[in-house]
Amino acid sequence: MITLANITGSTPKRVLPGFGLSLGISLTFVSLMLLLPMTSLFGQLSGISLAEYWRIISDARVVASYTVTIGAAAVAALVNAAFGLLLAWVLVRYDFPGKRLLDALMDLPFALPTAVAGITLATLYSSNGWMGRLLDPLGIQVAYTWVGIALAMAFTSIPFVVRTVQPVLEDLPNEVDEAALTLGASDATAFRRVILPHLWPALVTGTGLAFVRSLGEFGAIIFIAGNAPYETEITALMIFVRLQEYDYVGASAIASVVLAVSLALLLAINIWQGRFIKRLHGGGG
Amino acid sequence: MQRIGDAPRMRRILVISAVLLSALFLLLPLVAIFAQAFAQGVAVFWSNVSDHYTLRAIGLTLFITVLTIPVCLVFGVALAWLVTRFSFPGRRLLQTLIDIPFAVSPVVAGLVYLLLYGRNGWIGSWLDGYDIQLMFAWPGILMVTIFVTCPFVARELIPLMQAQGSRDEEAAVTLGASGWTLFRRVTLPNIRWALLYGVILTNARAVGEFGAVSVVSGAIRGQTNTLPLHLEQLYQDYNTVGAFASAALLALIALLTLAAKAGLEWRAARQEA
Amino acid sequence: MSATSLFRRGALGASLAAALTAGVVTPSVAAERELLNSSYDIARELFSAINPEFIAHWQEEHGEEIDVQQSHGGSSAQARAILQGLRADVVTYNQVTDVQALADGGLVAEDWQDAFDNNASPYYSTTAFLVRKDNPKGIESWDDLVREDVQMVFPNPKTSGNGRYTYLAAWGFADDQFDGDEEQIHDFMRTFLGNVAVFDTGGRGATTSFIERGIGDVLISFESEVNNIRGEYGSDDYEVIVPPVSILAEFPVAVVGPNAERNGNLDLAEAYIDYLYSEDAQRQLAGFNYRVNNETVAEEFSDQFPETELLRVEDVFGSWDEAMENHFANGALLDQLQRR
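Residue numbers (our numbering), protein chains in the order written: chain A, 1 to 285; chain B, 286 to 558; chain C, 559 to 898.
No wet-lab data here; the hints were simulated from the structure. Ideal Cβ positions, reconstructed from N, Cα and C, are used throughout, including at glycine. A hint or two may mislead.
[What the hints assert, rightly or not] Chain A is nowhere near these chain C residues, computed Cβ spacing over 12 Å in every case:
| hint | residue |
| --- | --- |
| 1 | 618 |
| 2 | 656 |
| 3 | 705 |
| 4 | 714 |
| 5 | 718 |
| 6 | 755 |
| 7 | 766 |
| 8 | 816 |
| 9 | 825 |
| 10 | 846 |
| 11 | 886 |
| 12 | 897 |
[As the list claims (entries may be wrong)] One-sided excerpt, in silico: chain B residues whose CB lies under 10 Å from chain A:
| hint | residue |
| --- | --- |
| 13 | 292 |
| 14 | 360 |
| 15 | 412 |
| 16 | 414 |
| 17 | 416 |
| 18 | 513 |
| 19 | 538 |
[To be verified] Label-pair distances were calculated between CB atoms; the ranges are:
| hint | chain 1 | residue 1 | chain 2 | residue 2 | range |
| --- | --- | --- | --- | --- | --- |
| 20 | B | 412 | A | 42 | 17 to 25 Å |
| 21 | A | 54 | C | 858 | 30 to 38 Å |
| 22 | A | 139 | B | 555 | 24 to 32 Å |
| 23 | C | 794 | A | 141 | 45 to 53 Å |
| 24 | B | 555 | A | 167 | 33 to 41 Å |
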């Protein structure tokens with residue numbers, strides 16, 4: 001575990017060149033392109049009191065939108081965790097005709113502009129669309145309900161799960177399988193006991209990223225959401241509405257809530273992942 | 286050798302369900318786009334694509350993408366090198382910071398740039414004095430595109446470089462290799478596929494970005510309208526076929542991108558074998 | 559091929575593409591003056607038709623070759639862009655409030671409504687209904703819309719000016735009907751808003767929901783737009799109903815003074831707006847189903863526009879400012895009426 005020791009800082013001096021250069025480029029870029037623009041968001045907020053800020057972000061309709069957004073994003077992330085795991089598994093473990101095509105298809109949601117995805121999903125799942133016509137008689141309504149919101153979220157974020165789990169699964173040595181199966185465990189038990197513990201960090205990371213992505217999504221959702229007050233209004237729409245009202249402060253305040261939650265989650269994932277890797281590899285070095 | 290889930294029945298069930306679900310969930314929307322674009326025949330599709338303003342939009346979109354990629358490439362490599370080869374306080378924070386663009390809604394991303402570089406922003410108003418306008422012109426579109434795409438290269442490289450470790454590079458240094466030679470001869474061959482995959486994702490996102498660009502573009506027809514914006518305008522103006530023709534173009538770029546990626550992976554696999 | 563040569567080739571290709579696309583992107587003729595018209599989202603084809611006429615007109619009068627550029631989007635987003643530095647010379651919007659926002663920002667003269675005739679509104683429209691073939695639900699006026707068996711589609715008043723007009727028109731009707739009795743008006747409006755099947759963010763989304771998704775019995779939008787939609791999607795399948803009482807929707811125009819001056823386009827900008835009042839332009843506008851004030855043209859197109867009583871926002875609500883503050887502001891009446 002030399003590599004991990006290096007990363008986690010047990011090497012006393014830096015042998016490799018380029019620390020100054022890469023630090024310079026990275027810091028300049030991060031400050032100028034990422035942090036500086038972000039300060040303008042907080043610049044907007046500096047003009048209002050804490051009570052005012054609280055009033056804006058705790059408005060009943062905005063709070064309802066948090067519930068809708070978080071609920072749908074959670075459902076989308078969980079569905080994607082299962083679906084993504086299945087896809088990653090099939091793509092890594094099996095050979096079948098069309099595998100490469102299926103693999104390429106996984107990146108489609110990243111590559112497709114979200115507005116296109118939104119319009120198309122709304123067309124497909126409305127009651128006279130290809131899918132809607134099948135689902136409608138079964139009493140399942142997707143378009144203009146929160147199911148539609150979750151669907152659009154799941155569509156835009158599925159690659160996060162597949163693409164995080166896939167490489168880990170690929171790197172898993174065969175001995176892991178063998179060890180479990182020679183002990184006579186069934187497929188399900190072996191998977192749960194032996195494979196899953198290895199996939200766990202990647203699965204959680206991928207699902208977490210998918211969840212975070214869903215929180216901010218606007219373009220893909222807005223066409224299929226229906227946007228009924230208190231029921232299918234997402235938080236990104238609330239920000240959009242504030243902008244329509246020339247209310248930059250309100251928009252910035254709500255945006256800051258989403259940003260804070262997303263960043264906290266990302267940081268938690270990163271820290272947890274670091275800890276997990278460290279623990280997994282114990283005192284190696 | 287025995288592997289989990291290798292029983293034929295299990296295989297079949299898993300593969301079939303994965304393929305079916307993907308077809309329904311991912312492929313069907315793609316088919317629907319092309320069906321709409323060609324709903325009135327190839328001629329109508331073609332006249333929409335070869336329209337003067339569509340061509341201008343394609344031109345601008347490609348121009349922005351071509352400028353975005355090198356910036357993201359340099360930043361991505363530098364950052365990945367930094368966080369995987371050195372340890373320093375704040376490393377984890379830096380790694381989280383580059384995820385900001387993932388965490389920010391694209392519309393908000395456009396907004397923060399506008400608040401800073403717009404006429405009333407503190408940098409924008411200063412530039413305005415020199416008659417320099419960044420927003421509502423291509424530099425603004427470029428800036429927000431870089432913002433939304435910058436994590437991709439870094440995100441592809443970091444896990445790989447972390448896993449590969451720095452043994453090879455350290456050995457090269459002991460043998461007296463200079464920084465540039467080290468990077469070109471040792472690091473680059475190891476990371477080139479991940480690098481290219483990052484570039485491909487960057488390209489896909491840069492071509493398709495709508496939310497952030499729409500805020501800073503000004504949507505001047507033939508001048509600051511990118512393809513996704515052009516698409517939206519056609520759609521708003523009841524030219525459904527025209528809108529989906531543009532959508533099909535974007536989907537086509539996406540497909541070409543994915544094909545390029547699949548080709549690269551195939552090459553990579555063959556080289557490894 | 560080694561990785562480095564691959565990159566070198568890539569870089570070469572990239573710079574080539576950049577050079578090529580730069581050629582496409584940069585304006586090809588530099589000398590001529592360009593006027594930028596910032597407009598609302600569904601006016602793309604309207605101004606694509608009018609601009610060449612104006613260019614020819616200017617050429618004839620002044621012997622100068624000019625060009626007119628168009629920018630389209632939601633009218634409030636368009637106004638925000640100008641406030642943040644988009645250098646448009648003129649605005650042609652569908653919302654008085656968005657021009658007012660520019661005036662408040664010091665980019666349009668305070669008295670802009672007096673600068674041109676008819677409150678600086680060269681054309682106008684009203685709010686009308688689009689119903690399905692043979693009007694199966696028998697919808698004729700606003701009180702039909704609060705029936706239990708009727709479902710409506712119109713854009714969200716929070717995100718769309720179009721939707722705001724619909725809300726104001728319904729309120730104006732109820733105000734008249736119930737003689738200003740607040741409780742009854744509120745009940746009417748609550749039922750009215752409750753009958754909305756989908757709140758799309760804009761006019762186009764609402765149209766898609768109504769036409770392509772088959773949702774609702776009636777689509778409410780500008781008279782000009784419902785006529786265009788009927789033309790677009792088949793005049794046999796839909797009917798346009800103009801209610802006996804509705805709201806006057808003005809389409810305000812203004813010169814963005816500081817920008818036009820800076821671009822050296824002040825004369826051009828004024829002339830452009832004046833041109834919109836000319837008989838030729840008014841005839842084109844009427845062809846796009848907008849109502850116009852030019853008497854000759856109005857006479858020619860009189861069959862197309864049924865007589866109806868048009869309420870003015872200023873008369874019913876005091877002023878646009880008051881209407882916005884009392885109804886659409888965060889936490890105001892619209893929010894209260896939609897609260898569960």
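Here is how each hint holds up against the structure:
no., hint, verdict
1, 618, "holds (41 Å)"
2, 656, "violated (9 Å)"
3, 705, "holds (20 Å)"
4, 714, "violated (6 Å)"
5, 718, "violated (8 Å)"
6, 755, "violated (8 Å)"
7, 766, "violated (8 Å)"
8, 816, "holds (19 Å)"
9, 825, "holds (31 Å)"
10, 846, "holds (25 Å)"
11, 886, "violated (8 Å)"
12, 897, "violated (7 Å)"
13, 292, "holds (7 Å)"
14, 360, "holds (5 Å)"
15, 412, "violated (14 Å)"
16, 414, "violated (19 Å)"
17, 416, "violated (22 Å)"
18, 513, "holds (5 Å)"
19, 538, "holds (8 Å)"
20, 412/B <-> 42/A: 17 to 25 Å, "holds (21 Å)"
21, 54/A <-> 858/C: 30 to 38 Å, "violated (59 Å)"
22, 139/A <-> 555/B: 24 to 32 Å, "violated (51 Å)"
23, 794/C <-> 141/A: 45 to 53 Å, "violated (29 Å)"
24, 555/B <-> 167/A: 33 to 41 Å, "violated (18 Å)"
Figure legend: structure checked against the earlier numbered hints; hints not met, in rising order: 2, 4, 5, 6, 7, 11, 12, 15, 16, 17, 21, 22, 23, 24.
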